[in-house]
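Peer 1: The primary structure of each chain is shown beneath.
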Amino acid sequence: MAGPVLEMRSIVKTFPGVKALSDVTLTVRQGEVHAICGENGAGKSTLMKVLSGLHPHGTYEGDILFEGEVCQFKDIRASEERGIVIIHQELALVPYLSLAENIFLGNEHATRGIISWTETLRHATELLRRVGLADHPDTRVADIGVGKQQLVEIAKALSKKVKLLILDEPTAALNDEDSGKLLELILELKKQGITSIIISHKLNEIRKVADSVTILRDGQTIETLDVKAEETTEDRIISGMVGRDLENRFPERSPHEPEEGAAPALEIRGWTVHHPIDQQRKVCDDVSLHVRRGEIVGIAGLMGAGRTELAMSVFGRTYGRYAGGTVLKDGKEIRTKSVPEAVKHGIAYVTEDRKHYGLNLIDTINRNISLSALGKVAKRGVVDEHEERQVAEGFRKSMNIKAPTVFEPVGKLSGGNQQKVVLSKWIFSGPDVLILDEPTRGIDVGAKYEIYTVIDQLAAQGKAVVFISSELPELLGMCDRIYTMAAGRLTGEFSRAEASQQSLMRQMTKDKEVTR
Amino acid sequence: MSTDVTAKSPAPAPPGKSGGAAADGLLQLVMDGMRRNMRQYGMLIALGLIVVLFAVWTDGDLLLPRNVSNLVLQNSYILILAIGMMLVIIAGHIDLSVGSLTAFVGSMAAVFMVKQDLPWPLAVVLCLAVGAVAGAVQGFFIAYGGIPSFIVTLAGMLIFRGLTEIFLEGQTLGPFPEGLQKAANGFLPEVGPNTNYHNLTLLLGFAMIAFVIFQEVRDRRRQQEFDLDVPPTKLFLLKLVAIGAAVLTLTMLLASYKGAPIVLLILGVLLVGFGYVMRNAIIGRHIYAIGGNLPAAKLSGVKDKKVTFLVFLNMGMLAALAGLVFAARFNAASPKAGLNFELEAIAASFIGGASMSGGVGTVLGAIIGGLVLGVLNNGMNLVGIGTDWQQVIKGMVLLAAVGFDVWNKRKVGS
Chain H
1 MAGPVLEMRS IVKTFPGVKA LSDVTLTVRQ GEVHAICGEN GAGKSTLMKV LSGLHPHGTY
61 EGDILFEGEV CQFKDIRASE ERGIVIIHQE LALVPYLSLA ENIFLGNEHA TRGIISWTET
121 LRHATELLRR VGLADHPDTR VADIGVGKQQ LVEIAKALSK KVKLLILDEP TAALNDEDSG
181 KLLELILELK KQGITSIIIS HKLNEIRKVA DSVTILRDGQ TIETLDVKAE ETTEDRIISG
241 MVGRDLENRF PERSPHEPEE GAAPALEIRG WTVHHPIDQQ RKVCDDVSLH VRRGEIVGIA
301 GLMGAGRTEL AMSVFGRTYG RYAGGTVLKD GKEIRTKSVP EAVKHGIAYV TEDRKHYGLN
361 LIDTINRNIS LSALGKVAKR GVVDEHEERQ VAEGFRKSMN IKAPTVFEPV GKLSGGNQQK
421 VVLSKWIFSG PDVLILDEPT RGIDVGAKYE IYTVIDQLAA QGKAVVFISS ELPELLGMCD
481 RIYTMAAGRL TGEFSRAEAS QQSLMRQMTK DKEVTR
Chain U
1001 MSTDVTAKSP APAPPGKSGG AAADGLLQLV MDGMRRNMRQ YGMLIALGLI VVLFAVWTDG
1061 DLLLPRNVSN LVLQNSYILI LAIGMMLVII AGHIDLSVGS LTAFVGSMAA VFMVKQDLPW
1121 PLAVVLCLAV GAVAGAVQGF FIAYGGIPSF IVTLAGMLIF RGLTEIFLEG QTLGPFPEGL
1181 QKAANGFLPE VGPNTNYHNL TLLLGFAMIA FVIFQEVRDR RRQQEFDLDV PPTKLFLLKL
1241 VAIGAAVLTL TMLLASYKGA PIVLLILGVL LVGFGYVMRN AIIGRHIYAI GGNLPAAKLS
1301 GVKDKKVTFL VFLNMGMLAA LAGLVFAARF NAASPKAGLN FELEAIAASF IGGASMSGGV
1361 GTVLGAIIGG LVLGVLNNGM NLVGIGTDWQ QVIKGMVLLA AVGFDVWNKR KVGS
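Protein chains in written order, with our numbering: chain H, 1 to 516; chain U, 1001 to 1414.
I should point out that these hints are in silico values taken from the structure, not numbers from a laboratory. Each residue gets a CB set at the ideal place from its N, CA and C atoms; glycine is no exception. You may find that some hints are simply not true.
Some, not all, of what chain U presents toward chain H, calculated at C-beta under 10 Å [stated by the list, open to error]:
{"no.": "1", "residue": "A1281"}
{"no.": "2", "residue": "G1291"}
{"no.": "3", "residue": "G1292"}
{"no.": "4", "residue": "P1295"}
{"no.": "5", "residue": "K1298"}
{"no.": "6", "residue": "F1309"}
{"no.": "7", "residue": "V1360"}
Covered by chain H, according to a simulated footprint, are these stretches of chain U (three or more residues, beta-carbon under 8 Å) [stated by the list, open to error]:
{"no.": "8", "stretch": "1221-1232"}
{"no.": "9", "stretch": "1301-1308"}
Sample of chain U residues lacking proximity to chain H, with all beta carbon distances greater than 12 Å (derived) [to be verified]:
{"no.": "10", "residue": "L1163"}
{"no.": "11", "residue": "I1283"}
{"no.": "12", "residue": "F1330"}
{"no.": "13", "residue": "I1393"}
Make the full structure from the sequences, and use the hints.
Peer 2: This is how it looks when you write it as structure tokens:
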């Protein structure tokens, strides 16, 4: 292997009151794919911001050596001129501009301020081909999927003559198929001599593409491991991240014993929903399922399988166009045409996208928790603030929400703590049935365990839990029963004993070609 | 209720009341409390500074009882509009039509009272209903029609201005019945023996102080009942003293002239009522929720359309009230009435802590923002600054207030 292309030595970065990085050292060899992993708040993103000049030279301590030279980037432009390009988690594309315009945004092919469109199109086509996109460069970004958008970002990076490509959780919003393509592309770029740094939570991805992995914890470099080496297992990486062996990633669960004869808490029959714009497309096609009290039922599926769409349309028809099907609660048919009706019948839906659909980020913890059930802390339309605060304090303690007071704005909390607030909010609404949509997405391992414990307690209290997740291990670890969905249809049902990653995946990918 | 009052406390905080080390501790507590609510306290301090500046500049004329009374009457309609506007902005919308609507309701009032000779209380009710309907129509298009509020109310601004001119045929109509003039321009009646002060105003002031103290003490007791942390006793007492002093000063000022203007009472009721609703009523919470994050509010079961509709209906009604007060004060309905009122109300809201993106702000903030503009107006008039420069200065104050807030947030954020 070649020598180092990048060395970051003893980087220290402090924010007012917090030491985000204390002595981080990172060495990336020429031509490798180098993964960085660590819990949320370990300092991964801060480190990359230091490297890309977003935190300019002078605001941190330590040295950055790129291609053997000490670099002092004063902004992003300076680092991009050296060939270091960062692609952020949130894509930075302009939706209503074309692919070509986006690729060369801020870097246009122009003479004296006038853009040469022929040159732009020619170059854009070439770059799009390099990242494996066949779309015309005039296509608007808004008209292509997230997976393709990610590739456009890479094309944009290539246009800047990238030598070191940094990807911050590139597959977080992608389905497995698109993720696969993206990872292939990273390997392809590696062959062309481009070095990559990839920040990821997904350990299987790291094992697939990375040559080495650096683990950060609490703003410090813990270790750098050779991924290809025998002893670098997922558990090995996890224990590095959390600083302890995670023998039990899930709480101990005593399996659910179904009561004979009792009607299921929630039953959905023949549920069919059409896509809100494309009326021909069925996003849920004749789905029937049920969940009993005290039971945790998983729904597995790839992205686009219709799981969220199913949940949201059942929860007050908040997605798509209803085309048929009934909902039964304790054996009786109920109306769930609006959110208040669904809530009244004791159904709660915890969204997969807490920032957009779950929380009012600028408001405080106590007000977020009480929002869906204000009536419980109010008399004749007037909220009793003290009771509300007491309720919130109760959740802060029982859910271990890390915040000094319940008057902290939710936007200031970490992902895991935000998720606990969303969960508290819906637990407070007093539901019998909780539909949890990706409840552990984007949160660190420690917080995940806490959420699992809460879910387990909810089931133990006799609540029915529907657990939607893309992570098969957590479904296998938590659920009593698991349904699989593919392309809007229910494709399988597994008991805890029958389910395995292989068997689930087989059903999750089934029928895909037939229904398309 | 308690926000309204808490926000008032630190302004006149007299240092040196308690001596030595204890004062340092107390000062620390006050500073901590202020830092948590920087924008509002910042504006309260700014308001205090502006008052002091002009009081000195005008050799105390600004704080003469007659002028304070005048200041209230002069700004009452903007303050009424600012309360409604604050709700609209918190909900994530804007209302550009209120200036025109104010004039429109004024013209309707003239038609009812001057042309048709209806009894004035009936005419007032009709006018408020007209305002509510106008607000409801706009609210309908915004909430249920899904048309952006900027567009709907821009259209409303043109339509109501045009209708005003049509109804008034381009003329100024007046005068209004004496009863209405008294209600809008008059003062509380005098009762009891001659004390050199206005007795009813004094009584009202004392009653209010007693009420606030009662409320605060009860609130504190409730907090303790629920096992919640309460602010230290010293801070609590300081707060009570500060509020008491502020209310007493205003009371004495007004009572040594003609007493409290009736409009001030209306404003007080609106401030307390809307402040309470926004903080403690479910509908108030829902307004904050839809402004803060609309999709999340919808998924929490908030009836967002109904709430938006009601917010605009309310704005229309308050605009009608402002229109009545304005028309009665000038004793005529004019086609040019209410010009730029919407801009003043919007400026007051933003100076008082609203955010362009919605979800933030308090009713008290709107009043403080309105008073900042009002005292500036009045003070600059007293020292003889022309309206041309007044506009320039008010523009700069708006920019500075919001700029300070942005800067302050960035400092805290990173």
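Peer 1: Should the interface hint for K1298/U be scored as holding, given a Cβ-Cβ cut-off of 10 Å against chain H?
Peer 2: holds (7 Å)
Peer 1: Can V1360/U be said to touch chain H, with a Cβ gap under 10 Å?
Peer 2: holds (6 Å)
Peer 1: Can the hint on F1309/U be confirmed by a CB-to-CB distance to chain H that is less than 10 Å?
Peer 2: violated (16 Å)
Peer 1: Does G1292/U meet its interface restraint, that is, does its C-beta lie within less than 10 Å of any C-beta in chain H?
Peer 2: Status holds, d = 4 Å.
Peer 1: Does the stretch 1301-1308 of chain U contain three or more residues whose Cβ lies closer than 8 Å to a Cβ of chain H?
Peer 2: holds (count 3)
Peer 1: Does the nearest C-beta of chain H fall within a distance shorter than 10 Å of the C-beta of P1295/U?
Peer 2: With a closest approach of 5 Å, the P1295/U hint holds.
Peer 1: Compute the least Cβ-Cβ separation between I1283/U and chain H, then decide whether it is above 12 Å.
Peer 2: For I1283/U, whose nearest Cβ neighbour in chain H is about 7 Å away, the distance does not exceed 12 Å, so it is violated.
Peer 1: Was L1163/U rightly flagged as not at the interface, with every chain H Cβ beyond 12 Å?
Peer 2: It holds; L1163/U is separated from chain H by about 35 Å at its closest Cβ, greater than 12 Å.
Peer 1: So F1330/U supposedly isn't at the interface. Is its beta-carbon more than 12 Å from every beta-carbon in chain H?
Peer 2: holds (38 Å)
Peer 1: Holds or violated: is there a CB of chain H closer than 10 Å to the CB of G1291/U?
Peer 2: Since chain H brings a Cβ to about 9 Å from G1291/U, closer than 10 Å, the hint holds.
Peer 1: Can you take a look at whether the stretch 1221-1232 of chain U is actually covered by chain H? Rule is 3+ residues, C-beta closer than 8 Å.
Peer 2: Held - the stretch 1221-1232 of chain U has 6 residues with a Cβ nearer than 8 Å to chain H, which meets the minimum of three.
Peer 1: Is the Cβ of I1393/U more than 12 Å away from each Cβ in chain H?
Peer 2: holds (31 Å)
In summary, the numbered hints that this structure violates are 6 and 11.
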